[in-house]
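With chain A fixed as given, assemble chain B with the ligands onto it according to the hints.
Residue numbers (the UniProt record's numbering), protein chains in the order written: chain A, 1 to 463; chain B, 1 to 81.
Since the hints were made in silico from the structure, they are not lab data. These numbers come from a predicted model, not from an experiment. Don't be surprised by glycine CBs; every beta carbon is placed ideally from N, CA and C. Possibly wrong hints are sitting among the right ones.
[Said to hold, decoys possible] Part of the chain B face toward chain A, derived, beta carbon under 10 angstroms: (1) 6; (2) 12; (3) 34; (4) 35; (5) 63.
[To be verified] Straight-line distance between alpha carbons at most 20 angstroms, and here's what the computed EDC-like set of lysine to aspartate or glutamate pairs gives: (6) A/81 to A/49; (7) A/96 to A/109; (8) A/64 to B/6; (9) A/64 to A/144; (10) A/64 to B/40; (11) A/96 to A/280; (12) A/150 to A/243; (13) A/96 to A/107; (14) A/81 to A/102; (15) B/9 to A/399; (16) A/64 to B/41; (17) A/99 to A/288; (18) A/99 to A/39; (19) A/150 to A/241; (20) B/9 to A/406; (21) A/124 to A/237; (22) A/64 to B/22; (23) B/9 to A/52; (24) A/81 to A/12; (25) A/81 to A/45; (26) A/64 to B/29; (27) A/64 to A/174.
Chain by chain, the residues:
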Amino acid sequence: MPADYVDWLRREGRIVIVGASLAGLRAAETLRAEGFAGELTLIGDEPYEPYDRPPLSKSVLLGKASPHRTELPHRREIDAKWRLGVAATGLDLSAKRVKLADGDEVEYDRLLIATGVRARPWLKADEGRLDGVCLLRTRDDAADLYQRLKAGPRRVFVIGAGFAGSEVASACRETGIPVTVAERAGAPLVGALGGVIGAVAADLQTENGVDLRTHVTVTSLEGDSVGRVRAVHLSDESVVEADVVVVSLGSVRNTDWLTGSGLGAGPRGIACDAGCRAFDFRGIVTDDVFVAGDVARSPHALFGYQFLSLEHWGNAVAQAETAAHNMICHGADRRPHLWMPAFWSSMFGVNIKSVGVPPMGDQLMITQGALAERRFVGVYGYQGRVIAAVSFDNARWLEFYARQIERGAPFPVEFPTMDRRPEGRQPVAADFPDPSLPTHGPTVTLTGYSPADQQLVFHPARH
Amino acid sequence: MRLVVDLNKCQGYAQCAFLAPDVFAMHGEESLVYNPHAPEEQRERLARAVAACPVQAITADGLDGAGEQSTGSAQEARDAR
Ligand SMILES: Cc1cc2nc3c(=O)[nH]c(=O)nc-3n(C[C@H](O)[C@H](O)[C@H](O)COP(=O)(O)OP(=O)(O)OC[C@H]3O[C@@H](n4cnc5c(N)ncnc54)[C@H](O)[C@@H]3O)c2cc1C
Ligand code: SF4
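Excised from the complex, chain A in its bound form (with noise of 0.2 angstroms):
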């Protein structure tokens, strides 16, 4: 790359942002912030400018804050051309153009590629279409599902016992309204945090008054003349009868409209080198063409080069700013993208918190507290180092734990430490559902070899 061609980018070059959400308003702003002076079109399929999806499923079910107010502070003026309302459907990746869908096409001399994750429907289109079958991921969902609670539904079902399937169970109870959690696996937030911490959450849902089902699929969904939901059908062969149904069965990405363009996009995301650069079908680097957020896939050198897709705050921010800043400077001053994955989540008022990667883990050590308590540490072991920690009330030991993270430190861990612990030194099988089946909402997922083939060792860094 000419070293004036990156010059001549930052003076006046083209840069078109897909994706008008977290990732894409924060690459905007990094974008002005390290001098780039050119144009800066952001397109957007959601009619509105960038908004934070978190509180949807907590402060706005609980009625502390409005859907429609949670647009996204801005850290600075970013001086771009907004197209909201128009989702891109295509891209020409030789004649750097991208297509939309109003017919428009826009040039561009490089791309960023933010165009995140959707809610995964109900798997039967007609049934999904019923009066009270909800899905929790836009702004508009939010308001719809925040309405339909307001009314005082006799009760309400959640199918999937992710993350955002618990927040929305705890939200119900929190107000008061019965609600049903079907889980395909044996507890909640099994795919993210393993059956040892997914028993706890589960005690946690019962103690409050979730009528939780495990081990259960939803069979179907029946509506009543009129065309509105009234009951849920499982494959115990029990019915429940709801009048709100929140699909929460995890996402899918938003890769669709890169289909035949060449780029390496898929259901599991765009495949992406540390630097952000989208790899094209081939696996081959592309130099104009970056993503961002929750629709990209980066290998991590801490995470044995697996290719993660994060479904995480933390990762669109940190990961647009990378994106950022690579687009626009000289190939020796590139950052690669090596977050420390971070997540949180607080359901019947316990705070969730994790670092690394959990469903890499094999082994569990519970080091501070107590999980009859419901506030203690959790460490994640995987060929014997530390690999991940979750906290439930207790956040503060997090920060310790990414540093141990990033050190390799063995696992399990040596350190005596001063709480009681009667979960005892002995690590156990974190007993992560097998890798092959589905499960609801991990936000992590590993995409490149499975940890379980042990038959393959990657060693990319020795020549």
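Relative to the frame of chain A, chain B with the ligands by itself:
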């Protein structure tokens, strides 16, 4: 005024809830809930909360660059590690 709290950074010290109780509240022992759209009359309290958060987790706009400054320095700190 719009605001967002980076809840990865937030350590639940409740300093913000003390300074701007109409915007921030603790929920349970250590979760923070907040209204991402604070009413205009909260401007001064919000500015104080932004400035006082020990981990600079709060970004708000229209506060004379306070949010910008806090996110910028946190980013640098992360990169420097
Ligand atoms: C209810 C809920 C609760 C959450 N809670 C937490 C939490 O507690 N902690 C946490 O860490 N994370 C949480 N998250 C996840 C977090 O919100 C995401 O990681 C973050 O939004 C990712 O940002 P993004 O910009 O990559 O993608 P998105 O926010 O998904 O944005 C992508 C945007 O691109 C648009 N788009 C898609 N296709 C096209 C196209 N073809 N053309 C134009 N535009 C397009 C989409 O409509 C969308 O606006 C939560 C998410 C939800 C939905
Ligand atoms: S002051 Fe900062 S760290 Fe404390 S609760 Fe508020 S946002 Fe969190």
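Against the structure, the hints:
1. Of the supplied interface hints, the one on residue 6 of chain B holds, with its beta-carbon coming within about 7 angstroms of a beta-carbon of chain A, less than 10 angstroms.
2. The beta carbon of residue 12 of chain B is positioned within 10 angstroms of a beta carbon in chain A (closest approach about 6 angstroms), and the interface hint is therefore held.
3. The beta carbon of residue 34 of chain B is positioned within 10 angstroms of a beta carbon in chain A (closest approach about 7 angstroms), and the interface hint is therefore held.
4. For residue 35 of chain B, the shortest C-beta to C-beta distance to chain A is roughly 5 angstroms, which falls under 10 angstroms, so the interface hint holds.
5. With 10 angstroms as the threshold, the beta carbon of residue 63 of chain B comes within range of chain A, its nearest partner Cβ sitting at about 9 angstroms, so the hint holds.
6. About 12 angstroms separates the Cα atoms of residue 81 of chain A and residue 49 of chain A, which keeps this hinted pair within 20 angstroms; it holds.
7. Simply put, residue 96 of chain A and residue 109 of chain A have alpha-carbon atoms about 7 angstroms apart, close enough for the 20 angstroms limit, and the pair holds.
8. A threshold of 20 angstroms between alpha carbons decides the hint, and for residue 64 of chain A with residue 6 of chain B the separation of about 18 angstroms falls inside it, so the pair holds.
9. Simply put, residue 64 of chain A and residue 144 of chain A have alpha-carbon atoms about 16 angstroms apart, close enough for the 20 angstroms limit, and the pair holds.
10. Between residue 64 of chain A and residue 40 of chain B the alpha-carbon distance is near 17 angstroms, which keeps this suggested pair within the 20 angstroms criterion.
11. For the hint pairing residue 96 of chain A with residue 280 of chain A, the CA-to-CA distance comes to about 14 angstroms; that is within 20 angstroms, so the pair holds.
12. Under the criterion of a C-alpha separation no larger than 20 angstroms, the hint pairing residue 150 of chain A with residue 243 of chain A is consistent with the structure, at around 13 angstroms.
13. Note on residue 96 of chain A and residue 107 of chain A: the hinted pairing holds, with a Cα-Cα distance of about 6 angstroms set against a maximum of 20 angstroms.
14. For the hint pairing residue 81 of chain A with residue 102 of chain A, the CA-to-CA distance comes to about 16 angstroms; that is within 20 angstroms, so the pair holds.
15. Distance restraint check for residue 9 of chain B and residue 399 of chain A: the Cα-Cα separation of roughly 9 angstroms lies within the 20 angstroms cut-off, and the hinted pair is therefore satisfied.
16. Among the hinted pairs, residue 64 of chain A with residue 41 of chain B is consistent with the structure: their alpha-carbon atoms are about 17 angstroms apart, no more than 20 angstroms.
17. Simply put, residue 99 of chain A and residue 288 of chain A have alpha-carbon atoms about 17 angstroms apart, close enough for the 20 angstroms limit, and the pair holds.
18. Taken as a hint, the residue 99 of chain A and residue 39 of chain A pair is honoured in the structure, with Cα atoms around 18 angstroms apart against an allowance of 20 angstroms.
19. A hinted pair counts as satisfied when its Cα atoms are at most 20 angstroms apart, and residue 150 of chain A with residue 241 of chain A qualifies at roughly 18 angstroms.
20. This hinted pair checks out: residue 9 of chain B and residue 406 of chain A have alpha carbons roughly 17 angstroms apart, not beyond 20 angstroms.
21. Proposed proximity of residue 124 of chain A and residue 237 of chain A is supported: the alpha carbons are some 18 angstroms apart, at most 20 angstroms.
22. Taking the CA atoms of residue 64 of chain A and residue 22 of chain B, the gap is near 10 angstroms; set against the 20 angstroms cutoff, the hint holds.
23. As the CA atoms of residue 9 of chain B and residue 52 of chain A are separated by approximately 16 angstroms, the hinted pair is consistent with the 20 angstroms bound.
24. Among the hinted pairs, residue 81 of chain A with residue 12 of chain A is consistent with the structure: their alpha-carbon atoms are about 15 angstroms apart, no more than 20 angstroms.
25. Among the hinted pairs, residue 81 of chain A with residue 45 of chain A is consistent with the structure: their alpha-carbon atoms are about 14 angstroms apart, no more than 20 angstroms.
26. Between residue 64 of chain A and residue 29 of chain B the CA atoms are separated by roughly 18 angstroms; this keeps the pair inside 20 angstroms, and the hint holds.
27. For the proposed pair residue 64 of chain A and residue 174 of chain A, the alpha carbon gap of about 12 angstroms is at most 20 angstroms, so the pair holds.
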